[in-house]
Amino acid sequence: MRTLWRKLFRTIVSTKGQFFAVLSVIAVGITLYVAMAAVSENLIHSKDLFYAETSFADHFFHVVNAPEGIGERIKAVKGVLAATARTQKDVPVLWEGKKRANLRLTGYPMPDNGELNRVKVIGGRMFDKYPKLGAVEVLINRQFAEAHKLKPGMDLDVAAEGKRKVLTIVGIAASPEFVYTVRDAAGLLEDPSTFGAAIMPENQIQELMGRKGSVNQVLIRFAPGAQKEEIVQKIKEILQPYGLLAEYPQKDQLSEAILRGELTQLRAFSRFLPTIFLAIALLMQFVFVGRLVKTQRGQIGLLKALGYSNISLLFLYGSYAFLATTIGAFVGIALGYGLASLLVRLYSIFFNLPRLEETLRLGTAGAVAFLSITAGTTAGLAAAWGITSIRPAESMRPTFPKATKRSFLERIPILWNHLGLQWRMSFRSLSRSRFRAFVTAMGAIFSIALLVVSLFSKDSMDDLMRRHFSYDRQYDYLVRIISPVKEGEILNISRIDGVLEAEPFLELPVRIKLGRKNREDVLLAMEPSPSLVRITNQEGKELPLPEEGLLLDWFTAQKLEAKVGDELQVQSMLDLGPPRYGIFRVEGITKRAMGSASMVSLKEANRLLNEQNVVSGVMLKIDPGLSDKVERELERMVNISSVLNKKDERAYFQKNLGYMYYSIGILVLFSSVLGFAIIYNSSVIALSERKRTLAALKALGMTNQEVAVYLWGEDGFLLFWGIILGLPLGKVLSELYAVAVSTDLFSFNVIIYKSTYFLAACGGIVLGIFAWILALKGVKELKMIEILKAND
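So the sequence shown is residues 0 to 791, counted in numbering that gives the first Met the number 0.
Just so you know, these hints were derived from the structure itself, not from any lab.
Note that the coordinates shown come from a computational prediction; the quantities given were computed from them, not determined experimentally.
In this text, a Cβ means the ideal position worked out from N, Cα and C, and glycines have one as well.
Treat the hints with caution; some may be incorrect.
[Claimed, not checked] Derived DSS-like pairs: lysine-lysine, alpha-carbon spacing no greater than 25 Å straight-line: (1) Lys628 <-> Lys646; (2) Lys540 <-> Lys620; (3) Lys235 <-> Lys211; (4) Lys753 <-> Lys457; (5) Lys74 <-> Lys128; (6) Lys654 <-> Lys98; (7) Lys516 <-> Lys250; (8) Lys97 <-> Lys162; (9) Lys457 <-> Lys540; (10) Lys162 <-> Lys485; (11) Lys512 <-> Lys654; (12) Lys235 <-> Lys516; (13) Lys98 <-> Lys620; (14) Lys6 <-> Lys235; (15) Lys558 <-> Lys590.
[Said to hold, decoys possible] Label pairs and their computed distance ranges (CB to CB): (16) Phe757 <-> Gly576: 56 to 62 Å; (17) Ser469 <-> Gly152: 39 to 45 Å; (18) Glu546 <-> Arg515: 26 to 32 Å; (19) Ala222 <-> Asn64: 27 to 33 Å; (20) Asn64 <-> Asp471: 34 to 40 Å.
Assemble the whole structure, with the sequences as input and the hints as a guide.
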């Protein structure tokens, strides 16, 4: 047995290039799987712990105005385990010399009697119900605090009910409904410095907002086994007299939906790429071990003659495959954990999960290692099974050449007769080793395809930025008013020196219903033929804004299965009065580059509200040289809730893209490893198979360069078809990946520039040439006299 171990390690050393190539592809596949699976599991584990610790509500109800005691009435409904009644309201933050921001104030009943959506203080202290000296104490979310360098003990000025109010920050906190803090679905990529969350005692927010004794939200948790639909219907009947605006389950709560969407993307990624890498690695393992057995046929026969059994020899070559797979698996696990640690730190920037940990779940790593090692070893044993049919006496003679048919090209005399000798030999060699050629071609195809997949997200994001910031939005500033006003009341904004063009708009939260299906959406109302906003359909063609009817958002149309011509019931959800209802005909389907909103004319939106000329903001086109002056004038206006600067939004978006470029770089590196390994492995196998032929050619006077051309003919031909088939496959895989990671809140079009195809093709060629050059070192080391000796 000691002899076989020595034989094994000598074989590994003599074939270290191929051994390392297989090992590398296995390591890359496992790295990707372990990293994505570990991050996904850590996010799920942290989320579940945090939700359980803070009693995240199962269902949410929004009303215009309900008595504070409504919570006790809801608790009495059979099947309701717990209920919390509270107040929530957005207010603008007022500070000198800084851009306008908004805070979502959320009330928290004190004392805490098993309330839902509890807060976890991660810095400072919990607020008091009745603070000393009449202060109003609040806890704020981490991202907003970090963006403005806020600390406990500092004050914030806000505008509430037309008055300036002072809030005292006593701590930094995390809440289950603000894991990802965002204003609404249309602002998924807004800078966290423009919007934050603040939690305060319920009695304090009621006094601050002039709503003493009343609430506008009810949260519930169901008892185990409860009939949820029946309970929701009973609660809706109870809340209907108080102006029921909206109700939705936990899964549709915005922060939870964003986090769940991210988990969906991680799961899709962890199944998508690692499977490709590991499948190709197993094929490489099978081909190489099979070729190793054939090239060492004489040694195997000698070992059999010395008394070694088939089982011991299968163990020898199975151990070769086992070691390659095992080392690759453990290297992949180590690299995967390192990559997962970096990704967890990245996610902690965006998601406020206090228990987000860099923990490796050994169960996942162990399972993937076990499956990979088992599959790799099985592939090696299957490839080495030919050992059992080798007879010692026959193995001392060279194998008889395979009987082959004419290749496809040989049947085309016009083409075949114009090929040089080296190319003819290459094509004949390919026709004799079709399975190896197939594996090499598949590796090249998927390597090129994965390079396309790695780079397409950059193209898609570049196109998204171009459409969103340069095409869809022609304005420079988007100014929102604290509450809707008559259009004449915002004329002073359009008169600011430096404003070249101003167009009013109305943002109206609504619920759109078709049959039994409904979805919450935002109606963006403007004057017909707006010049500062361009409306497009899914194909990118511009749509006119109709005076009557609406242009339905593409996401909403998909959810409702609505089409042009359908009549929809639209319910307003403004918390300034009772819900209003209207019927709107779908005049078109619109799809924005970013965010979600359906479009109507101002006249139609006001018809729904039974109002005239009501607006909630204005879009501004300004003189670039007077932008600072315009901003200063806007910051002085107390009735403005937020000012979005397109230039700042674009800068923040580009900053976030920097994180994406790191992931693109990692994928390009891993795809390059695959391409290099498969071409290198193919070249080395071709060299080992035809040592006698190559030595004979050198003996007949061929130079090393001419012999190299012969070897390159095979790899070059396969690489050529790898590029031809890999580029369209890359687009198909990109589309499948985009579909797999799409959610109700996020999707993007697959855009692949010609330059990306060119880079992928060039990358494949460079990798192929580099791998081929390394493999050709063996040509120079051929010892013609020893190789050409007859061994029969």
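The hints, checked one at a time:
1. The hinted pair formed by Lys628 and Lys646 meets the criterion: a straight-line CA distance of about 15 Å does not exceed 25 Å.
2. Taken as a hint, the Lys540 and Lys620 pair is honoured in the structure, with Cα atoms around 23 Å apart against an allowance of 25 Å.
3. At roughly 23 Å between alpha-carbon atoms, Lys235 and Lys211 fall within 25 Å of each other, so this suggested pair holds.
4. Between the alpha carbons of Lys753 and Lys457 the distance comes to roughly 13 Å, so the proposed pair stays at or under 25 Å and holds.
5. As the CA atoms of Lys74 and Lys128 are separated by approximately 23 Å, the hinted pair is consistent with the 25 Å bound.
6. Using a Cα cut-off of 25 Å, the hinted pair Lys654 and Lys98 holds, with the two alpha carbons roughly 19 Å apart.
7. Distance hint between Lys516 and Lys250 is fulfilled; the C-alpha atoms sit about 16 Å from each other, no more than 25 Å.
8. With a C-alpha separation of about 19 Å, the suggested pair Lys97 and Lys162 falls inside the 25 Å cut-off, and the hint holds.
9. Only pairs whose Cα atoms come within 25 Å are accepted, and Lys457 paired with Lys540 is accepted, the gap being roughly 23 Å.
10. Note on Lys162 and Lys485: the hinted pairing holds, with a Cα-Cα distance of about 20 Å set against a maximum of 25 Å.
11. With a C-alpha separation of about 38 Å, the suggested pairing of Lys512 with Lys654 is violated against the 25 Å cut-off.
12. A threshold of 25 Å between alpha carbons decides the hint, and for Lys235 with Lys516 the separation of about 17 Å falls inside it, so the pair holds.
13. Distance restraint check for Lys98 and Lys620: the Cα-Cα separation of roughly 18 Å lies within the 25 Å cut-off, and the hinted pair is therefore satisfied.
14. Of the pairs offered as hints, the one joining Lys6 and Lys235 is violated, with about 77 Å between alpha carbons and a cut-off of 25 Å exceeded.
15. Of the supplied pair hints, the one linking Lys558 and Lys590 holds, its CA atoms being roughly 14 Å apart against a limit of 25 Å.
16. Range check, Phe757 to Gly576: about 58 Å between beta-carbon atoms, so the 56 to 62 Å window is met.
17. Distance hint check: the CB atoms of Ser469 and Gly152 are about 43 Å apart, consistent with the given range 39 to 45 Å.
18. The hinted range of 26 to 32 Å is satisfied by Glu546 and Arg515, whose Cβ atoms lie roughly 30 Å apart.
19. Ala222 and Asn64 have their C-beta atoms about 28 Å apart, which keeps the hinted 27 to 33 Å range intact.
20. The supplied range of 34 to 40 Å is met by Asn64 and Asp471, whose beta-carbon atoms lie about 37 Å from each other.
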